[in-house]
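Heads up: the sequence lines are chains A and B, in that order.
Just so you know, my numbering puts 63 at position 63 of the first sequence, and the rest follows in order with no gaps.
For any residue, its number in my numbering is found by taking its place in the second sequence, counting from 1, and adding 1000.
These are calculated hints, taken from the structure and not from any lab test.
Cβ pair distances, simulated, as ranges: (1) A:N28 with B:N1135: 40 to 46 Å; (2) B:D1244 with A:K95: 44 to 50 Å; (3) A:I199 with B:K1151: 23 to 29 Å.
Idealized CB from N, CA, C, for every residue including glycine.
There are 2 protein chains.
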Amino acid sequence: MNIGLDMMGGDFAPLEAVKGLKKFLSVNSHAVTIFCIGDETLVQPLLAEYEVLSPNIHLVHAPEVIGYNEHPTKALKEKQQSSIAIGFQLLATGKIDAFISAGNTGAMLVGAMFTIKAIEGLIRPCVSGIVPKTNGETGMILDVGLNADCKPEQLNQFAILGSLYAQYILNIPNPKIGLLNVGEEEGKGNLLAQATFPILKENPSINFIGNIEGRDLFGTKADVIVCDGFTGNIVLKMAETVYDLAETRNFHNDEYFNRFHYENYGGSPVLGVAKPVILGHGISSAKAFTNMIQLATQMVETDVCAKMAESFKAS
Amino acid sequence: MNIGLDMMGGDFAPLEAVKGLKKFLSVNSHAVTIFCIGDETLVQPLLAEYEVLSPNIHLVHAPEVIGYNEHPTKALKEKQQSSIAIGFQLLATGKIDAFISAGNTGAMLVGAMFTIKAIEGLIRPCVSGIVPKTNGETGMILDVGLNADCKPEQLNQFAILGSLYAQYILNIPNPKIGLLNVGEEEGKGNLLAQATFPILKENPSINFIGNIEGRDLFGTKADVIVCDGFTGNIVLKMAETVYDLAETRNFHNDEYFNRFHYENYGGSPVLGVAKPVILGHGISSAKAFTNMIQLATQMVETDVCAKMAESFKAS
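With the sequences and hints as input, model every part of the structure.
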C-alpha cells in the first residue's frame, strides 16, 4: 500500500515528520510505501541526516506550503503546488491510498470533502476522537468538530460510521453506541438529542444502549459516543487537558493519564469520505506522526472506508 | 439571617444533613438561624444524638418526602407537606432567606421558578457550576442544566448573572467572561455561539474576553464561562469525573484534584430567582451540607440576588 505523508504540516515540520517516519519504518514489517510530500530542499537533507533511506520512501516535491492562518478554500485553490493540494491529487488519482497531514485543518477538510468526496448517502463527513476508558479499553466520540449544528439524521449517520470504525479499527465487536446527553432517560436533552434518541433506537444496524452523561464518558457504558460537532469538540479538547492537569500536578508517566496525550493516538480520522484522511495536531511530535502512519495502514488494510460506503448503499 | 435546610434530601438524609449542620455550627460565628425542615420523628432523635442543640436551630415538621423519581410539578402540587414544598412556602413568605436541598432537583427548580419566581426581565433562571482553575483560583460555568436549548439573549443574561455572582460570591473584581466555543476567533461555532458573540461584545456591563475552548476551561483566560445548559451540563459532569479519575489512579489528596470533588463546593445555586436557592448532589455528604449552608449565608449577606434583580431593572 501507498501512504501519503505531508512533511510540511505541524509546528515542527518537517523534522518531526522525518523522525516519526524513521520510527515507523523501524517497527513496521508490512509492505508500505510512503510518499513524502514536501519541499525537497528542506526534506531531502533531513531524510539523509536521519538516515531514512529505504526503497519504500518516495519524495514528492511540493514547493508551496499552506499556512495555518490561510483561508482553506482559497489557499487550496491558489496553491496547487502545496503539500496538501498535491496530497489530495495523489489520493484522488489512486497513487496513494491514504493521506496524513498535521497542516491547516480547514484545508484538509475542504480537500477531503471536495477532492475525495463524501460517501454516497451521507449528509456530511465528520471527525472522530479517541476516549481512553478507565478499564484500559479505548472508545471514541464523534463528531468532534466538522458539524457544529446537526440534524438528528446526521447523528444517526455518525453512529453508523462510528460503529464500523470501532469494529474494524478499535477491534470492538458489536460496539455499544451511546447518545451524549444530560440525563439517562429517553426524552431528556435539547431538541436535537430528544429527536435523535428514537432514530437511534430504531436503527437495526447499530447496538444503541441509550443516553450517556458527561460523567460516563470515561466509563464502560458506551464504546462510541455520538453528538453534534460543537459539543464533541469541547468535550475532546477538555479530555486532552486531563493529561496536562496530571502533568501539572506531577503525576508523570501514569499509564492511564498518558493515554489522554494526543500523541499516543496520533491524529483524528475524517470519517465518511471514500479514502482514509487523517488530521494531525499542529503540535504533532515524532511519536504522533508514527502513530498516524500506523493508523493509516490499519485503515487501508481493513478497507474501513469502503465498508462505510457499502453500509450507506445498503440502507 | 434565617436559612432553610431540607433534612430529607440526599441519599444519606437526614444523617449527613445533621452532621453537616453540626460542623457548620462549630465553625460559624455569624448570627444564623437554621430552619431544619423534615420529618421530626427522624430528625429530632439525630439532632439529639449528635448534640446539635442550639437556640438557633428550629425544627419544622414536614411529614412528606418527594422522592427522586417523582414528577416534579405533580409531586410539589400534591405533597404540600413535603420538606421541599414547605421550604418554598417559608422562602416565599420571608420566614427564611435562603433554601437548600439535596432532594429532587426538578422539584427544586419548579419551586424556585414558580414559588419564588424569576427576576423581572430575565427569560429564565439558570444553574451554575464551579470550575477549579490550575492557578488556585475558582471560576464558574453557566448554565449547567436548566436550559438545554438557548437563544443568544439568554447566554447574554447568563453572562450578567455570572459576572455578579463572580464578583460578590467568588470575590473576583471585574470578572472575565468567556463564551464556550470551538475556536478562538469571532465567527466560530454553532449558530447559537455565532449569534451570541456580538451581543456579548456589545454588552457594556460585562468584561467579555471572547471565545473559550474546551482546552482553556481550567486555565486563567476566563472567570465566568457561558454556554447553553446542554453543553454546560456535560462539561460540568465531565469535570466532576476528573476527581474520580485521579482517585482511580491512586493520586489521593492532591490539592488540585480534590477541588473537583463536588463536596468541596457543596451545591449549585439557582441564579436569576429573587432569593438564594441551592441544589445539592443526591450523594451529598456532611461536608457538602456544611459548604451549602456556608454558601447560603454568603449569598444572603452579599444580597447577590437583589443585585442581579437591580441589574436587570437598569438595563
